[in-house]
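Q: These protein sequences, in sequence, are chains A and L.
Each step along the first sequence adds one to the number in the working numbering, with nothing skipped, and position 68 is 68.
Each step along the second sequence adds one to the number in the working numbering, with nothing skipped, and position 183 is 183.
I should point out that these hints are in silico values taken from the structure, not numbers from a laboratory.
List time: in silico BS3-like cross-link candidates among lysine-lysine, alpha-carbon distance up to 25 angstroms:
hint	chain 1	residue 1	chain 2	residue 2
1	L	Lys150	A	Lys186
2	A	Lys186	L	Lys24
3	L	Lys243	L	Lys150
4	L	Lys24	L	Lys72
5	L	Lys305	L	Lys341
6	L	Lys72	L	Lys2
7	L	Lys150	L	Lys24
8	L	Lys72	A	Lys186
9	A	Lys45	A	Lys69
Only some residues are given here: those of chain A computed to face chain L with a beta carbon under 8 angstroms:
hint	residue
10	Gln183
11	Glu202
12	Arg217
A virtual CB, placed ideally from N, CA and C, is assigned to each residue, including glycine.
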Amino acid sequence: MRLVVARCTVDYEGRLAAHLSEAVRLIMVKADGCVAIHADGGAYKPLNWMNAPNTLLDEGERWVVTNPKGERLTIELLEVLADERHDLGIDPGLEKDGVEAHLQALLAESPETIAEGLTLVRREFPTDIGPVDLLCRDAAGVAVAVEVKRRGEIDGVEQLTRYLERLSLDPLLRDIRGVLVAQVVKPQARVLAESRGIGWVEVDYDVLRGAAVDDLRLF
Amino acid sequence: MKFRCERDVLTEALSAASRAASPKAQLRVLSGLRFDLRGDQLVVTGSDLELTISSTVEVAGSEDGTAVLPAKLVTEIVRHLEPGAVEIETSAERSRVSSGRSEFTLLPIPADEFPTPPEIEGEQVTIQAADFAEGLRQVVGAASTDESRKVLTGVLLAAETDGLRMVATDSYRLAFREFPGSSVLQAGQRVNVPSRALQELTRSLDPEAELEITLADTMVSFRFGGFVLSSWLIRDEFPDYAKLIPTDMPNELTVDRQVFLDAIRRVKLMARNNSPIRLEMQDQAVRLSAQNPEDGEAVEDVDAKFVGSELTVAFNPEYLIDGLEVVPGDEVVLQTRDPQKPAVIRPTESQDLLYLLMPVRVS
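Using the sequences and the hints, build the whole thing.
A: The structure is reproduced here in structure tokens:
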């Protein structure tokens with residue numbers, strides 16, 4: 001990522017003609033070639049930009065960006081105030097199941113939210129059919145397998161049941177019990193879990209991550 | 001099973017029952033409506049296990065029987081038929097829905113998998129529906145839709161010494177309605193009824209009807225005419241709301257309700273994504289304003305009577321509108337204490353309805 005703060009003018013020629021008169025602006029050149037010119041306002045939206053693929057010709061005081069559609073962005077740099085480059089690395093992208101993963105991380109940090117006296121042994125504890133989200137010990141030292149879901153449904157109970165079957169084969173975990181943790185546990189899942197001796201706990205994601213602190217609430 | 005029925009009568013029964021059906025249920029039978037025909041009486045039932053709605057109508061029955069048909073499809077088919085008589089005939093292999101020159105064949109869902117509608121035994125009271133329906137309309141909207149706080153997704157019905165109370169809250173606002181002298185519940189009784197069930201009840205409830213309410217330990221049912229709605233109760237303890245109702249509110253704004261609502265709706269156009277609108281309360285007016293950095297700002301002054309210390313409070317405009325819409329009367333009173341304490345919206349001439357609203361913190 002190259003960030004240039006400069007007093008500049010910008011001219012665009014393509015589907016229409018546009019001119020940005022002389023002012024101080026931020027010019028971003030992303031690693032994929034995108035060029036965006038920002039003012040100090042207007043939220044996320046650039047004043048002008050050209051997406052990749054394009055060609056940037058750096059002539060010192062004048063940049064010319066062209067693309068295969070015949071569009072042309074000409075930036076005249078009248079005074080460069082800053083010019084920096086940063087390697088941002090590979091972005092992990094937006095995780096669709098980010099809440100569930102984050103919930104697991106938050107619970108790993110504070111397992112006592114699930115039950116008093118619970119301590120973490122390991123996250124993603126391996127079994128031969130896949131890892132269980134959290135392996136903990138309760139206050140009496142008994143192993144507790146915790147499966148974390150956004151919504152606790154019958155599938156989650158079935159999954160935890162399979163993990164418990166595998167884990168109980170280990171002599172060190174013979175008395176292991178299970179707890180399904182979710183923001184919401186559906187009534188059918190509660191009944192199934194209880195019928196199998198599996199516990200269930202509902203947790204408030206906003207409270208765990210501290211997001212609710214700034215809200216003014218009645219409760 | 002075979003019967004004939006007028007399209008509009010059948011459409012109404014199917015629409016009511018299908019609101020409890022669950023099109024995306026893991027159990028396919030829950031996406032269906034159960035038809036039970038005995039003589040000339042047809043009972044149509046939909047259920048998602050938590051909520052069950054049955055509607056009974058008179059038909060011209062030819063052959064008793066039971067069948068389950070896909071709720072959405074059969075309701076839409078009947079609704080779109082030409083006006084007049086509709087005939088439905090079912091067998092184990094197929095069901096036929098016909099009217100005039102239209103004929104549809106549906107594959108039935110095995111009826112024996114359909115859950116048996118609950119028989120609720122408990123205290124039973126009969127009341128005039130009108131007041132009860134009005135109370136529900138005023139409070140149900142304040143209930144939470146956030147399933148992660150299940151207890152707040154219900155409406156509390158509580159017997160107090162002076163009558164019945166209805167309370168609903170989503171933790172940002174709280175609606176409170178009293179019915180002095182009403183004895184729907186036994187002394188000290190409190191039940192938390194899912195707001196979804198009550199919303200469905202208000203959609204179907206005839207204000208002129210007599211409403212029969214049956215309360216058991218874990219379930220409630222509402223019955224009027226041929227309509228029966230039954231629901232599980234929420235078992236978690238409702239929060240202690242009484243301590244939140246303020247008694248000392250030094251600032252009081254009295255304003256024309258419709259003028260205030262219209263102004264809020266206009267100014268809200270600039271409050272994107274439910275960003276707050278500010279209310280600057282002054283001697284003879286309240287100034288509403290909203291702004292967003294991308295589009296600009298809006299300001300409007302509304303005539304009002306104000307008693308107290310001038311102050312500015314910001315609210316979520318949707319919640320403010322919801323509160324003003326359910327308060328009866330031409331004028332409303334907005335009481336405030338400070339910009340971070342709950343405000344109260346209430347009618348000018350009654351203490352039976354309160355709408356508590358939490359401000360939004362602004363810089």
